[in-house]
Each structure stands twice: as structure tokens, then as C-alpha cells.
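Asker: Single-letter residue listing:
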Amino acid sequence: MASEQEVQDGLADIVNEIAGVPQEDVTPGKSFTDDLDIDSLSMVEIVQACEDKFGVSIPDDQVKNLKTVGDAISYIANA
Amino acid sequence: MTSIVVTGFGAITPIGGDAAATWAAMLAGTSGAAVLDETWAADLPVRIAAPAAVDPSDVLDRVEARRMDRCGQFALIAAREAWAHTGSPDVDKTRLGVVVASGIGGLITTLTAYDTLRDKGPRRVSPLAIPMLMPNSAAGYVGIELGARAGVHTPVSACASGTEAIAYGADMIRTGRADIVLAGGTEAAIHALPLAAFAAMKALSSRNDDPSAASRPWDVDRDGFLLGEGAAILVLESAEHAAGRGATAYAEILGAGMSSDAHHIAQPDPVGTGAATAMRLAVENAGLGLGDIAHVNAHATSTPLGDIGEAQAIRTVFGSTADDMCLTGSKSMIGHLLGAAGAVEALAVVLTLHERLVPPTINVDNLDPAIDLDIVTDGPRKLPGGDLAALNNSFGFGGHNIALVIRST
Numbered sequence: 004m005a006s007e008q009e010v011q012d013g014l015a016d017i018v019n020e021i022a023g024v025p026q027e028d029v030t031p032g033k034s035f036t037d038d039l040d041i042d043s044l045s046m047v048e049i050v051q052a053c054e055d056k057f058g059v060s061i062p063d064d065q066v067k068n069l070k071t072v073g074d075a076i077s078y079i080a081n082a
Numbered sequence: 002m003t004s005i006v007v008t009g010f011g012a013i014t015p016i017g018g019d020a021a022a023t024w025a026a027m028l029a030g031t032s033g034a035a036v037l038d039e040t041w042a043a044d045l046p047v048r049i050a051a052p053a054a055v056d057p058s059d060v061l062d063r064v065e066a067r068r069m070d071r072c073g074q075f076a077l078i079a080a081r082e083a084w085a086h087t088g089s090p091d092v093d094k095t096r097l098g099v100v101v102a103s104g105i106g107g108l109i110t111t112l113t114a115y116d117t118l119r120d121k122g123p124r125r126v127s128p129l130a131i132p133m134l135m136p137n138s139a140a141g142y143v144g145i146e147l148g149a150r151a152g153v154h155t156p157v158s159a160c161a162s163g164t165e166a167i168a169y170g171a172d173m174i175r176t177g178r179a180d181i182v183l184a185g186g187t188e189a190a191i192h193a194l195p196l197a198a199f200a201a202m203k204a205l206s207s208r209n210d211d212p213s214a215a216s217r218p219w220d221v222d223r224d225g226f227l228l229g230e231g232a233a234i235l236v237l238e239s240a241e242h243a244a245g246r247g248a249t250a251y252a253e254i255l256g257a258g259m260s261s262d263a264h265h266i267a268q269p270d271p272v273g274t275g276a277a278t279a280m281r282l283a284v285e286n287a288g289l290g291l292g293d294i295a296h297v298n299a300h301a302t303s304t305p306l307g308d309i310g311e312a313q314a315i316r317t318v319f320g321s322t323a324d325d326m327c328l329t330g331s332k333s334m335i336g337h338l339l340g341a342a343g344a345v346e347a348l349a350v351v352l353t354l355h356e357r358l359v360p361p362t363i364n365v366d367n368l369d370p371a372i373d374l375d376i377v378t379d380g381p382r383k384l385p386g387g388d389l390a391a392l393n394n395s396f397g398f399g400g401h402n403i404a405l406v407i408r409s410t
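From first to last, the protein sequence lines are chains A and B.
Residue 28 in our numbering is what sits at position 25 of the first sequence, and the numbering runs on without skipping anything.
Residue 215 in our numbering is what sits at position 214 of the second sequence, and the numbering runs on without skipping anything.
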């Protein structure tokens with residue numbers, strides 16, 4: 004099980020790789036859509052990459068609840 | 002009738018990372034052919050191609066590039082160059098159109114996505130796969146880049162696609178839909194599957210040990226085409242609009258002719274009836290006489306049958322006036338860029354007329370005795386001053402025949 008900090012660091016790398024957002028901007032309070040300008044297709048890519056990186060399963064019906072970076076960190080860290 | 006002029010251009014080809022480098026390499030008679038030393042090519046019957054001179058990932062932003070198929074990347078690079086070349090004008094975006102053709106579209110994306118599906122399952126297939134692989138993806142990205150709202154289109158007519166795009170773009174302006182249209186073609190098909198499939202058709206040169214000699218239009222020892230990749234985009238503009246903003250007109254798109262063979266899905270009509278019809282219609286559409294055409298940038302792919310059929314069609318249409326025309330085959334240097342070929346070759350014609358220099362056809366060591374036309378082999382050849390018109394021919398699997406008449410300005 005990864006710590007929340009480890010998840011945040013890993014997620015920041017993924018968001019940077021997929022969407023070009025600087026790692027330091029990927030912080031818990033940020034909304035993927037409104038703050039980081041992540042479109043719905045990139046969000047799917049991010050979910051796929053998180054599943055691979057963290058060995059978790061994020062069902063489609065959960066993805067819509069992951070509105071902020073913090074939402075994703077806590078879901079992954081507690082999965 | 003509305004006159005259509007070319008006010009800018011951009012390209013990325015096997016012999017140059019931009020239009021100027023491509024043109025300089027054409028005048029110098031440079032081959033873009035190479036041996037494919039990647040492991041995926043090792044077992045192919047044909048292991049040669051003409052890859053782009055510059056890798057698009059070295060030009061584009063990393064995140065931007067990963068959302069586009071390679072053919073979209075080529076188109077965006079060429080379109081940015083073309084738009085900058087025409088001065089990045091502040092125009093009415095509702096009067097700005099885009100026509101970017103492709104023969105195959107995002108083939109490498111399709112194949113890569115299928116590998117993922119097979120190896121990792123459906124939940125790992127990229128959500129970007131469809132927007133990258135669809136044939137209109139490149140046109141869509143160029144349209145977004147420029148904010149073009151007069152329409153974004155993608156003609157698909159195999160190896161005639163790029164030429165059809167220019168004809169369609171000119172029509173958009175003539176019919177009053179747009180003032181400016183970026184028109185051209187893009188292709189990125191250097192991959193094991195198309196190489197294996199074209200080789201299965203016996204369409205490719207198998208000169209694996211001598212790639213720069215593989216593409217040899219009209220030479221007696223030609224044995225098929227050389228697969229190339231890249232893109233070219235022309236800025237087409239109504240002459241009135243161009244004059245209004247003081248843009249340079251490099252050439253005029255004077256007319257287009259189209260026909261279809263209704264003969265065979267992949268073999269040319271042996272007597273070139275459809276090709277002849279397209280050329281005759283293009284000259285008529287341009288309002289010119291047969292004797293006004295000084296030069297032909299031929300389709301000339303370096304296949305045994307195709308080169309002869311086109312030459313016969315030219316003789317059929319032009320009769321004795323063909324003796325006064327000179328021909329060149331750009332594919333001898335760049336290979337066959339499929340849906341981008343006609344766009345790169347139209348760019349070559351624009352520059353030929355503007356610079357009054359015909360680039361050579363390389364590798365014509367022994368002209369096929371069945372060819373009784375004036376092929377420019379030692380080049381470049383100087384053209385005279387005054388009004389000059391030239392023809393750009395493109396033909397495609399499916400029986401598509403498209404000819405453009407381009408005139409000097």
C-alpha cells in the first residue's frame with residue numbers, strides 16, 4: 004500500500020506525462036477539470052496509468068467522483 | 002470567376018524538414034531513401050523507405066505530439082510553417098477553411114492500439130485512439146490550431162488524396178465558402194503492415210541493397226515504388242483577398258480535372274483513359290489550350306505499368322504539343338507519400354513556376370524506350386520567362402484521377 008505522499012508524487016508524474024502539467028501544480032486541492040485543464044479523454048488515460056502504477060482498480064462508476072487530485076489520492080491510497 | 006492564388010506553403014518530407022529545405026534538396030537531386038534498420042523491418046521482403054528528414058517529435062511539444070498520430074504531427078508542422086509563411090494574418094475565421102487529405106490516416110495508432118488490446122486487454126486501449134486514428138484527425142487538429150470555422154475536410158482517394166485536397170480547397174474559395182483555405186495532404190505509413198501489404202501487391206521496389214536507386218520513374222529497370230512519409234500544406238487564397246492584405250502570390254491554381262476509371266480497384270486502366278480525361282478536363286477548366294502547358298509534374302511512381310500508362314495518356318491528350326513539354330517525377334527523390342504525394346508535388350510545381358526551375362528526375366539511367374516524352378534528368382532545367390502553366394497529376398487505387406493546372410504569377 005502506497006502512502007498518500009507516494010501516491011501524490013506518482014500521480015503528479017502521471018499528470019505531467021499525460022497533460023504536461025508541472026508536477027508541483029498537482030496538489031490535493033486542485034480540480035482536474037477546472038484547475039489543471041484535464042479533458043475527459045486525458046482523465047481516462049490518467050486512470051489507466053494509475054491502475055497500472057499503483058496496482059489498483061478504479062471502476063468507471065468511481066471515476067466521476069474523482070474531481071480533485073485529493074479525491075484521487077485518497078481513493079488510491081485506501082483502495 | 003474568382004482567381005485562386007497560393008500565398009504560402011509548408012512541408013516536412015523525406016528530403017527536408019521544411020519547404021525551403023525540401024526545394025533545395027529537389028534542385029540538388031537528393032534521394033530521401035534509407036534502409037530500415039529497425040528490428041520490425043528485419044523479416045520484411047522490402048526493408049527500404051523514405052522516412053521524414055526530421056522526426057516530428059523533435060519539432061512538436063511532447064504533450065501535443067502524444068495526442069496525435071504521426072500523420073497528424075506532420076500535418077500540424079507543415080500547417081504551422083505555411084501559416085507563418087503567409088504572415089500569420091488576422092483573418093475572419095468564419096472565412097478560413099482547412100482541407101487536409103490522407104490516404105490511410107492514423108494507421109500506426111490503429112496498429113499500436115490493437116497491440117494493446119491483444120496484449121493488455123480492452124481496458125488499456127487509449128481513449129485517444131479514435132481521435133488519433135480517424136483519417137480526418139490531422140485536418141481537425143489543423144483547424145483547431147488556426148481556429149478555422151469555414152469547414153474542415155478530408156478527401157480520401159488513396160494516392161490522389163493530396164491533389165484532391167487542393168482542388169477541393171480551391172472550390173471552397175470559388176464557391177464563396179471561404180477566403181483562405183489551408184490545403185494539402187499528410188501520410189505516415191512506414192510500418193511493417195503497409196510495407197508487407199504493398200509488397201504483397203508487388204507494388205514496391207525491392208532494391209533493398211541500393212535504396213537511393215529504388216525509385217526510378219521511367220527507367221527501364223524500375224520495379225515499383227518507394228514508400229515515403231510526410232506532409233505538405235499550401236495556403237490557397239482568393240486573389241482579391243490576397244491583394245487586399247498585400248500577400249505574395251507564388252502561383253495561381255487555375256483549374257482542376259477529375260475522373261474515375263471504373264476499371265479495377267488497384268490496377269490502372271492500361272490505356273490511361275481516365276488519366277487522359279482528368280488532364281483534358283483540367284486544361285479546359287483552366288481555360289487554356291493544350292499548347293499552354295509547359296511542364297508536367299507526373300504521378301510517375303516508378304511502377305512498370307503505371308509510368309507507361311501515364312505517358313501514353315499524356316501523349317493521347319496533348320498529341321504533338323507534348324513534344325514542347327518537359328516532365329519530372331518528384332517521387333524519384335521523395336518516394337511515394339501516398340495521400341501526401343500530390344500536395345508535395347503541387348508545392349514542387351508552385352516553386353518550379355515561381356523559381357522557373359524544373360527539378361530533375363533522378364535515377365533515369367536508361368530511359369524506357371516506350372517513353373517518348375522530354376524527361377528532365379539533368380537538372381535543374383531553367384524555364385523561360387512570361388506566363389507559364391504546368392500540370393500536376395495524381396492517380397490513386399480505386400481509380401481516382403486528378404490533375405491540377407497551376408500557372409505562374
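I should point out that these hints are in silico values taken from the structure, not numbers from a laboratory.
From a predicted model like this one, the values you see are computed outputs, not experimental measurements.
All residues carry an ideal CB built from backbone N, CA and C; glycine is no exception.
Do not rely on the hints blindly, as some may be mistaken.
[As the list claims (entries may be wrong)] Heads up, simulated DSS-like pairs for lysine-lysine below, C-alpha to C-alpha not over 30 Å straight-line:
1) K70(A) <-> K56(A)
2) K67(A) <-> K33(A)
3) K203(B) <-> K56(A)
4) K121(B) <-> K70(A)
5) K56(A) <-> K33(A)
6) K121(B) <-> K67(A)
7) K56(A) <-> K67(A)
8) K70(A) <-> K33(A)
[As the list claims (entries may be wrong)] With beta-carbon atoms standing in for the labels, derived distance ranges:
9) E9(A) <-> V36(B): 40 to 48 Å
10) D42(A) <-> T40(B): 34 to 42 Å
11) D16(A) <-> D211(B): 44 to 52 Å
12) A197(B) <-> E27(A): 42 to 50 Å
13) E9(A) <-> R125(B): 17 to 25 Å
14) D40(A) <-> D211(B): 45 to 53 Å
15) P25(A) <-> A25(B): 35 to 43 Å
16) A193(B) <-> E27(A): 36 to 44 Å
17) R246(B) <-> T36(A): 14 to 22 Å
18) T40(B) <-> S77(A): 38 to 46 Å
19) R150(B) <-> E27(A): 33 to 41 Å
20) D16(A) <-> V36(B): 21 to 29 Å
21) P123(B) <-> G73(A): 27 to 35 Å
Asker: Give a verdict on every hint.
Answerer: Evaluation of the provided hints:
1. Taking the CA atoms of K70(A) and K56(A), the gap is near 20 Å; set against the 30 Å cutoff, the hint holds.
2. Between K67(A) and K33(A), the direct Cα distance comes to roughly 15 Å. Compliance with the 30 Å bound is thereby established for this hinted pair.
3. Distance check on the hinted pair: K203(B) and K56(A) sit about 45 Å apart at the alpha-carbon level, beyond 30 Å; violated.
4. For the given pair, K121(B) sits about 27 Å from K70(A) by alpha-carbon distance, which is consistent with the 30 Å threshold.
5. Our distance criterion of 30 Å between C-alpha atoms is met by K56(A) and K33(A), whose separation comes to about 21 Å.
6. Proximity of K121(B) to K67(A) is assessed by CA-CA distance (about 24 Å); at most 30 Å being required, the pair is judged to hold.
7. A distance of roughly 20 Å separates the Cα atoms of K56(A) and K67(A); the hinted pair therefore holds under the 30 Å criterion.
8. For a cut-off of 30 Å, the pair hint linking K70(A) to K33(A) stands: about 9 Å separates their Cα positions.
9. Between E9(A) and V36(B) the CB atoms are about 46 Å apart, so this pair conforms to the stated range of 40 to 48 Å.
10. Against the hinted window of 34 to 42 Å, the Cβ-Cβ separation of D42(A) and T40(B) comes to about 35 Å, which satisfies the hint.
11. Checking the proposed 44 to 52 Å range against D16(A) and D211(B) shows it holds: the Cβ atoms sit about 46 Å from each other.
12. As the Cβ distance of A197(B) to E27(A) is approximately 47 Å, the hint placing it in 42 to 50 Å holds.
13. About 23 Å separates the C-beta atoms of E9(A) and R125(B), a value consistent with the hinted range of 17 to 25 Å.
14. Distance hint check: the CB atoms of D40(A) and D211(B) are about 51 Å apart, consistent with the given range 45 to 53 Å.
15. Range check, P25(A) to A25(B): Cβ separation about 40 Å, and the 35 to 43 Å hint holds.
16. Taking the beta carbon of each, A193(B) and E27(A) are about 41 Å apart, inside 36 to 44 Å as hinted.
17. The hint said 14 to 22 Å for the Cβ distance between R246(B) and T36(A), and at roughly 39 Å that hint is violated.
18. In this structure the supplied range 38 to 46 Å holds for T40(B) paired with S77(A), their Cβ-Cβ distance being about 43 Å.
19. Remark: the range hint 33 to 41 Å for R150(B) to E27(A) is upheld by a beta-carbon distance near 37 Å.
20. Against the hinted window of 21 to 29 Å, the Cβ-Cβ separation of D16(A) and V36(B) comes to about 37 Å, which falls outside the hint.
21. For P123(B) and G73(A), the Cβ-Cβ distance of about 30 Å falls inside the hinted range of 27 to 35 Å, so the restraint holds.
Consistency with the previously given hints fails for numbers 3, 17 and 20, ordered from lowest to highest.
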